[in-house]
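Student: Quick note, the sequences are listed as chains C and U, same order.
For the first sequence, the numbering used here gives the first residue as 1, with consecutive numbering after it.
For the second sequence, the numbering used here gives the first residue as 1, with consecutive numbering after it.
Be careful, since some hints might not be right.
Copies of the same chain look alike in the list, so a pair counts if it fits in one copy or across any two.
Lysine-lysine pairs mimicking DSS-like chemistry, simulated, CA-CA at most 27 Å apart [claimed, not checked]:
no.: 1; residue 1: 186; residue 2: 257
no.: 2; residue 1: 352; residue 2: 320
no.: 3; residue 1: 347; residue 2: 274
no.: 4; residue 1: 348; residue 2: 389
no.: 5; residue 1: 238; residue 2: 347
no.: 6; residue 1: 271; residue 2: 20
no.: 7; residue 1: 352; residue 2: 241
Please keep in mind that the hints were generated in silico from the structure rather than gathered at the bench.
Predicted model, so just to flag it, every value in this text is computed and none were measured.
2 protein chains.
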Amino acid sequence: MEQVLSYLDQNKDRYLAELKDFLAIPSVSTNPDNKPDVQRCAQWVADQMTTVGLQNVQVMPTAGHPVVYADWLNAAGAPTVLLYGHYDVQPPEPLELWTSPPFEATIRNENLYARGAADDKGQVYIHLKSIEAFLKDGGSLPVNLKLLIEGEEEIGSEHLVPFVTEHKEMLNADLVLISDSSMFAKGVPSICYALRGLAYMQIDLVGPNKDLHSGSFGGSVHNPIQALSEIIAQLHDKNGKVTIPDFYKAVRALSKKERDAFKKLPWSDKKYAKELGVAQLYGEKGFSSLERVWARPTLECNGIWGGFTGEGAKTVLPSKASAKISMRLVPDQKSDKIAKLFEKHIKKIAPKTVSVTVRNLHGGEAAITPIDSPGVMAAVAALEKGFGKKPLYQREGGSIPIVVQFKEILGLDTVLLGFGLPDENAHAPDEFINLDNFFGGMRTSAHFFAELPRFMSGKGRK
Amino acid sequence: MEQVLSYLDQNKDRYLAELKDFLAIPSVSTNPDNKPDVQRCAQWVADQMTTVGLQNVQVMPTAGHPVVYADWLNAAGAPTVLLYGHYDVQPPEPLELWTSPPFEATIRNENLYARGAADDKGQVYIHLKSIEAFLKDGGSLPVNLKLLIEGEEEIGSEHLVPFVTEHKEMLNADLVLISDSSMFAKGVPSICYALRGLAYMQIDLVGPNKDLHSGSFGGSVHNPIQALSEIIAQLHDKNGKVTIPDFYKAVRALSKKERDAFKKLPWSDKKYAKELGVAQLYGEKGFSSLERVWARPTLECNGIWGGFTGEGAKTVLPSKASAKISMRLVPDQKSDKIAKLFEKHIKKIAPKTVSVTVRNLHGGEAAITPIDSPGVMAAVAALEKGFGKKPLYQREGGSIPIVVQFKEILGLDTVLLGFGLPDENAHAPDEFINLDNFFGGMRTSAHFFAELPRFMSGKGRK
Chain C
1 MEQVLSYLDQ NKDRYLAELK DFLAIPSVST NPDNKPDVQR CAQWVADQMT
51 TVGLQNVQVM PTAGHPVVYA DWLNAAGAPT VLLYGHYDVQ PPEPLELWTS
101 PPFEATIRNE NLYARGAADD KGQVYIHLKS IEAFLKDGGS LPVNLKLLIE
151 GEEEIGSEHL VPFVTEHKEM LNADLVLISD SSMFAKGVPS ICYALRGLAY
201 MQIDLVGPNK DLHSGSFGGS VHNPIQALSE IIAQLHDKNG KVTIPDFYKA
251 VRALSKKERD AFKKLPWSDK KYAKELGVAQ LYGEKGFSSL ERVWARPTLE
301 CNGIWGGFTG EGAKTVLPSK ASAKISMRLV PDQKSDKIAK LFEKHIKKIA
351 PKTVSVTVRN LHGGEAAITP IDSPGVMAAV AALEKGFGKK PLYQREGGSI
401 PIVVQFKEIL GLDTVLLGFG LPDENAHAPD EFINLDNFFG GMRTSAHFFA
451 ELPRFMSGKG RK
Chain U
1 MEQVLSYLDQ NKDRYLAELK DFLAIPSVST NPDNKPDVQR CAQWVADQMT
51 TVGLQNVQVM PTAGHPVVYA DWLNAAGAPT VLLYGHYDVQ PPEPLELWTS
101 PPFEATIRNE NLYARGAADD KGQVYIHLKS IEAFLKDGGS LPVNLKLLIE
151 GEEEIGSEHL VPFVTEHKEM LNADLVLISD SSMFAKGVPS ICYALRGLAY
201 MQIDLVGPNK DLHSGSFGGS VHNPIQALSE IIAQLHDKNG KVTIPDFYKA
251 VRALSKKERD AFKKLPWSDK KYAKELGVAQ LYGEKGFSSL ERVWARPTLE
301 CNGIWGGFTG EGAKTVLPSK ASAKISMRLV PDQKSDKIAK LFEKHIKKIA
351 PKTVSVTVRN LHGGEAAITP IDSPGVMAAV AALEKGFGKK PLYQREGGSI
401 PIVVQFKEIL GLDTVLLGFG LPDENAHAPD EFINLDNFFG GMRTSAHFFA
451 ELPRFMSGKG RK
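Please model the complete structure; the sequences and the hints are all you need to start from.
Tutor: Quick look at the structure:
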């Protein structure tokens, strides 16, 4: 283990240079123009896998972007870890808000800035380098490893589910390890035990059958922007609760133990509001900010558009207006069920003056993993060794739908070992990964592989 | 008058031939390539003015396209009419949608098709020929006339306002006559006596100081799209009334005579809704559709934007959301005053969770020439004689900024004598003027000049 750790320490500069190459590939999965880049990125990952000493490396086609697989299965009797990550990234727009170009990784203030630095190329790369530290010069890993790195996480992992279903045998393991989340705060390593689910919808309203002159027609037909605003305004009540009937029906209440645990975390609403630049926070009455984000379902407008949006004044009464609205879900809400409740409610409250279409763009279930499972306990031990500090327990407000799929298809629990930071700007301009977390993450990854067999022995093995 | 009318009747073929020459000049003011054509067109108008017997004909340069001026001031003691029109046209594109070439005037189904046929060359030409009928063989007009034909109406008349301001004395008159609009319907001559004004605003909301991940932050801060929607939803009450305090305070109520006059117009809400493709109309309770569009102030969302608006799903909680909102105004609302009321109200109702900026992008006053004013009464008498049918009264929901400028700079009311049709395709392919309206318009123009002195005598003169 000493050799592994000192190897990691000695190769820092090379790791940063290699990571920059990885981050330079604009593997934006949602943009058809970037399809060749996504393909090129898959090949880059495969080449790295071969370089670090993994075996059976394959770029495996799907109906969408390819999955990259590799394994190392020579630790007889040791547990098998299925390491999942993704090499695709969110679109970089709006480009003008980036301090340095999104695909030219740049270090400032001990952070490495680039699209994908934290979500998730940087965190995939952390494990590749800890694997390299074990396997170099014909070395060996303390566990068996299977790596599954996909290219469609940012667009809903549409083709990964059939892929996993078709390759159940190949992907068989004892647990799933994912590093695609954040620790609680800088210097506060934490282990995340629950994720929210998602139901992502689009509403399209049509009023008049063409754009009209707002002078000649204004006042006689319902403006679709106004109608859409009226619909959106009805989706929360004055206590910040979502008004969709039965929306909260299946929500698993927080235990007193969980609420108490959250209260132990270093947190200040005042500081949080200041960091976000808002004079006042907003949310569901009766819950703290952390509870709202981690353990309560919410409804957010992700986008809205309609009419004239350029410079100056155009007197149009538009034909159409649209919004993207997503709901974050908690155990035991079901994404499809919530999407149906949403659609039903929108159609009920939409006025007859417009026609409305509701589409379910994508979804995923919430997940929760017991904090006394062997994988989580090994992760806690590894974090303490990797960062020199006992980690805290937390949840995460975001979604990783594949966690639910791994449970449903492979029967595996997932350990979420997050090396990002809450302010890392994932999905936004100036995304970054902190360099302490990057290198601490590599040490933690190595310790996790070393610790797991101990916690796994005699229990939790399939 | 008999001679004038029979002259008009006898020269129909020549008029059509001359008009075709006028329409053949592609005087597209917005296209720099057409600058020589615009200049040539100004000269064509000037030559026509000379030919028909007008005096002091001048092509007057501006910082943009020239203004053409002429007068005839020999009717001692009679009122003076300032006739305004424009010789520039909209671009003809998309060319492939024209049945016959836009600059080769073609008659089909009793309509003359060409760019500018109705807007506004055809209507300018109507008056030139009625003037010719009076002035031929050393004849005289019943009124004094000043003609002001500009070349930048289709690009915002940027240089006309300074021109009018600099030539106040030259343009001094008793009223303005404009033929650049439509009658209510084919076979339904009408006189338009009022226009709405405008206050065009932009609201910019900022919530968090950057785009956030909607999973990691959703539920803890007020989404600016949601906040903007909540603001917009509050701007109308359930009766379709604008909720801004004092918004209706200065509104001049419709008289019973006006409401009765509107009811005489051939109108079907059902047909209107069907043409617009809406299942149900919308508007301020207690008013008909025509009243809502013509005589009531309204508030319309012209554009809205915020967050992710591309294909697919991006889970962003955006930092910003914006809307363009304009209000159509009626006498005696003032644009600046309404803009201030709007800004005050928005700032009052905006929640403390976001910061809001309100900007006044532009505005213009409403205009009204009372139906019992001499100019309107003369126009009504002229239309009845010109078309053999009592005209109906109408208003227009849009704005004609130059009407407001003539009122503000020269202190003159405007008579709007429109010979176009609502379906004339102004600004679109297959623009046309109906031949009945073209020749009826010439007779009406002649009658207007003949009738005006009678209605004007003793009142309304400066």
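Student: So, for every hint listed, does it hold in this structure?
Tutor: Hint check:
Taking the shortest alpha-carbon separations for residue 186 and residue 257, only the intra-copy value of 24 Å comes in at or below 27 Å, while the best inter-copy value is 75 Å. Taking the shortest Cα distances, residue 352 and residue 320 sit within 27 Å of each other inside one copy (15 Å), while across copies they are farther apart (30 Å). In this homomeric assembly, residue 347 and residue 274 come within 27 Å of each other (Cα to Cα) only across copies, at 22 Å, whereas the closest approach inside a single copy is 38 Å. Proximity of residue 348 and residue 389 under a CA criterion of 27 Å is satisfied in neither setting, with 53 Å inside one chain copy and 49 Å between copies.
Taking the shortest alpha-carbon separations for residue 238 and residue 347, both the intra-copy value of 22 Å and the inter-copy value of 19 Å come in at or below 27 Å. In this assembly of identical chains, the alpha carbons of residue 271 and residue 20 never lie at most 27 Å apart, being 33 Å within a copy and 63 Å across copies at closest. For a Cα distance limit of 27 Å, the shortest separation of residue 352 from residue 241 qualifies both inside one copy, at 26 Å, and across copies, at 18 Å.
Hints 4, 6, counting from the list given before, are not met by this structure.
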